[in-house]
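Single-letter residue listing:
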Amino acid sequence: MIAPGKPPLLSLVDELLAEQQSLQTPVARFSEHHDNVQRTPDLEPVYRDLIPLSAPAPGEQYAFEVDLDSCSGCKACVAGCHSLNGLDEEETWRDVGLLTGGHEDLPWQQTVTSACHHCADPGCLNGCPVLAYEKDPATGIVRHLDDQCIGCSYCILKCPYDVPKYSERLGIVRKCDMCHSRLAEGEAPACVQSCPTHAIKIVKVAVDLDGDRPRVDTSDFLPGAPDADFTQPTTRYVSRKGLPAEVRPADAANPQPQHAHWPLVILLTFTQAALGFSITGLGSESTLLNGVALGLAAIGLSASVAHLGRPMRAWRIFLGLRRSWLSREAVILGTWFPTLTGTVILSGQFPLLAPVAAAIGLAGIVCSAMIYIDTPRQFWRAPATAIRMGGTVLVGALLPIAPLAAATALAAKLAFEFTQSRADTPSGQLLRQALKPALHLRLALGFTAVITMSFVTIMVTKPIESVATWVAGVVWLAGELVERYLYFRAVDAAKMPGVQTG
Amino acid sequence: MKTTLDSLLHARGGPTTEELVQEPGRFGLGRLPSRRAPASTVDSVCGFCATGCSLKVHLDDRGQAINLSPSPDYPVNLGMACPKGWEALTPLAADDRATHPLFRTTKGGPLRPVSWGDAIQTFVDRMKAVQYAHGSHSIALLSTGQIPTEEMAFLGSLFKFGMGGLHADSNTRQCMATAHVAYKQAFGFDAPPYTYSDFEESDVLVFSGANPAIAHPIMWQRVMRNPHNPQIVVIDPRHTETAMAATDHFAITPKGDLWLLYGVAHELIARNAIDRDFIEAHTTGFDEFAQFIAEYPPERCAAASGIDASRIRDLATLIDQGKRVSFWWTMGVNQGHQSTRITHALINLALITGNIGRPGTGANSITGQCNAMGSRIFGNTTSLLGGRSFAEQTDREDVARLLEIPIERIPTQSSLAYDQIIDAIEQGEIRALWVIATNPAHSWINQDRFRQIREKLDFLVVQDMYASTETAAMADLVLPAAGWGEKDGTFINSERRIGVTRKVAVAPGEALADFSIFRLIAEAWGCGDMFAKWTSPEAVFRKLALLSLGRPCDFSGIKGYDQLSVAGGIQWPFASTTRPSVGDRLTDSLSIDEDSSSERRLFADGKFFTPDQRARILFEAPTHAPESPSADYSFWLNTGRGSSAQWHTGSRSDKSDVLRKLAPRELYVEIHPSDAERLDIKDGCSVTVGSRRASISARAFVTPTVSAGQVFMPMHFREVNRLTFAAFDPHSRQPSYKACAVHIERAS
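Quick mapping for you: the protein sequence lines, in order, are chains A and B.
Residue numbers for the first sequence follow this note's numbering, beginning at 1 and rising by one.
Residue numbers for the second sequence follow this note's numbering, beginning at 1001 and rising by one.
Zero decoy hints are in this set.
No farther apart than 27 Å at their CA atoms in a straight line, the calculated lysine-lysine pairs in the DSSO-like style are these:
hint : chain 1 : residue 1 : chain 2 : residue 2
1    : A       : 204       : A       : 135
2    : B       : 1559      : B       : 1533
3    : B       : 1533      : A       : 6
4    : B       : 1128      : A       : 6
So, partial list: chain B residues that the calculated Cβ filter (under 7 Å) puts toward chain A:
hint : residue
5    : 1017
6    : 1083
7    : 1214
8    : 1217
9    : 1218
10   : 1506
11   : 1657
Just so you know, these hints were derived from the structure itself, not from any lab.
C-beta: ideal position from N, C-alpha, C; glycine also.
Looking at chain A on its own, in the form it has when it is part of the complex (with noise of 0.2 Å):
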């Protein structure tokens, strides 16, 4: 279309462009396959060999199997995985990293591709409270249901590989299914499919399922990654090379801050201080403190809510009751706010609730503290993470009738806090140094509320009823909750080896 009168050069734009944007129909392609049936895939003569012929027996699963020899580093694997999947942009289910080893007199790297092991014991399904994970009877592999899940994300702190992966768009966490259903039909999985030196294969493993837990010989796991026993890995890796007897993943010096979730750190902070006050409160009789330990909870708990990728679905939270503490706690904690409500409104009739109250809070409290205990995670080990929420119940419970007592319980904690900072782990360098200006604050709020509380003790004689207790409460609240939030983004979150700088 050219248009009369237009000066040659911009009529040659507008055909150029025009042809630009057109695009040569696949009927008028001459190179079009012709093929347009279902046949054997032509891939099939280079995978035959690493998949097995036939299905597990009783006893076994499939499982991948590496070889480091034969893995030259070039992960086509994960990008093949992520193609032939229909991943969305930046979402991988397999992953690569580095290991490094050996002396001046022999040099050594290998680069390491996995990705989930389908365990025999996998921490991701024992620890979902909707059961979205389910083990696959016949095959072993670990199969994620997507459209029972709620993104609660709690498999991805305790798979200790780094596993599964949230999703934003859909509001729920997805992982590797062996591509369970092209190994139905006898295909390869996308990653042995896409290996061109063939590294990656499917074998099958004996599962020993008689003993207290399932178990697999894990002997041939990858050294440098995190300890088997957690979940009993099912995958192989193998070389006849050897590996050195020091390894060390490229990223090891480099640990990543971790996500942030604030609608938990409100979760936490909320109602462990709603607990400590309402303890208290309900001891004491003061409406106000019983006011204020009601808004809390209820903030706290409603903000878990948002934490949710797909809180429609959360109803079926209680499924997971006999082995995900995030069940309980679900459950306890929502039996513990309509509880509490009551107990405040009918406390004088009935004298019994105020104990039942508190205990039920208690134990939910404890299941919060036994979701993050139940981690593969050093820094959310018991006694930590047991000083940290507990510290907050207890000054909670103290402030408004022993604020001394609540300054020093508070000094004690920061100071535990501090000694974290300090120690020579991943998570102490992260304190250190990625989130050194939070940590600051953290103890500057902790600093002022100590202060602040003492203040109280000395001019205040009736804590409960002065605004300066109230002016300390919002200080070591908000201390609190950037002490929470160094909780998660200071974690030492598991993983597999990574590339260098993280």
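Chain B: place on chain A using the hints.
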């Protein structure tokens, strides 16, 4: 009842599950997500590196690409691709694509969108104004190895024959100039002699300055398929991924390779482990070489090469014992102050041992960019179209006749090389620069100097897919280009295979194929008539086939793109009389019979492209690197590829989230544990790396894979070339990126 309750409690299906549901794929593809089921597929050669893999692009019913997978039966990649290939479509959708021409009206002002008409008119007016004021050779061109051959030929012809420019070079100067010059001098034509099956047929493979395990993973695939349990020797200062997989590693001192190779040659000749008959019949210069090399016994070469004399002898023994020895190299050899002679040292080893022209042998340059080979033959920068010479009257006559252009339009002088163009800009002789599909503000050696010369230019035009490259950000005019996948054309790969790349996506906004931009410029410049028949890439391809007629690279037998598609690419030479080789899947319908006995490997008859058909044995005494470690700058800095997921300056590969995940995100410097300990540098800590040019910060990566006294930095990060020292090989003018002196210390 139970099942109802179970299905209520356990949602095993639903909309989120369906996102990933697969169905049996058609087109031989296997199962694919139903969401992305292709309506058809088309094969297209990848636009990253020179391996030249074919990607089977999955198209929707409009012909738009929705996914891809490697072509299963293409003779190059056999159904495999590296992650860049798998992700090749992603960078097309980046949000920093240049979508409209951009013009900077005032110095220091912003780039603002203008119409194509205004942009082209501005281009022509400003270029002509510069030529009027400072002479027709005061404009220069920096081209690329990343666009199809047809576009390169158009660009070079337009610039030299149409616009009257002379000084044109390409970023292939940074990667392949040495191989080009070395082959030309030794073989009489720029002709890598091999075919990829040589990787599978060797019993000894010597890789020098090459890390194919991550830089050319699909070539490495062929090495891994070698059934002969080969000896794999890696010559590299670093213990790379390839060195890990090798049977032997020679960790040379940076730029010690010439010494090592001379030591090996000395030993071979001293042992008489050479092929006298071949030398006699097919080479010249051996006697002089033997005399020269007598001065290089292994003992003398040990110190400068960093390899003990006994190990030098071991290498000679390996080569001597091999029945089919092949020599392979890439940037570690190509980028050096004596790179052409190092290349000759490798070629010499192949020649004197008779390891050339037979399966599994050869002196084989592994090429860098997807179409560096196209650029070397048809870029019309250093050589005249078809590997001809601007200085030769008969060559100019040929081109003038075949292209139907007046012979006076063809310059008789050759162009300045890249570094000389930069010098000429600094001296005010060149005042306007046109940069296409390359990013010198990131990639040029001693980068700060390139940035400074911007001030000397009256007019800088950048034609690129992205308006965000370091160079585009400096431009006066940005012309938005369609990228790989948004246009048709051909690439020539490392083994001389011509393959088709296809338009499978609509370019964003008003971006145009470089080919179309050249048509517009020709029209506006007033030389439209000269290019009146250059209407489509395939029309130009036919012209190029004509231009190749009778040349060593003769591919006049190729009829067009469809033949290339069906054949699975065709290696040159393929004259009208050539019969196809095993790899070429030609069918009867294309009227050429299959002849399985022929291989497209060069020099099987021992006849080279020199006038006397003999290969030249060339050599020169080793010299010290122009900058080497001293008291103040006590480390060697080596630079190179960081990972298989990164491509050069990252303007494309950084746009894929998947590729970003596979590569380090922060600049790091590899340092040996003993050096790190001495300097109190802990793994992961911040360090300052300084050279005489600049000082930059990076994160330390403590690893024994780099030798003591050396550090390594990946070239993909912008800051690295601020450190490098601008030394050049005198023959190829290729920069020496891999050896300069730095100091390193903990950041305060």
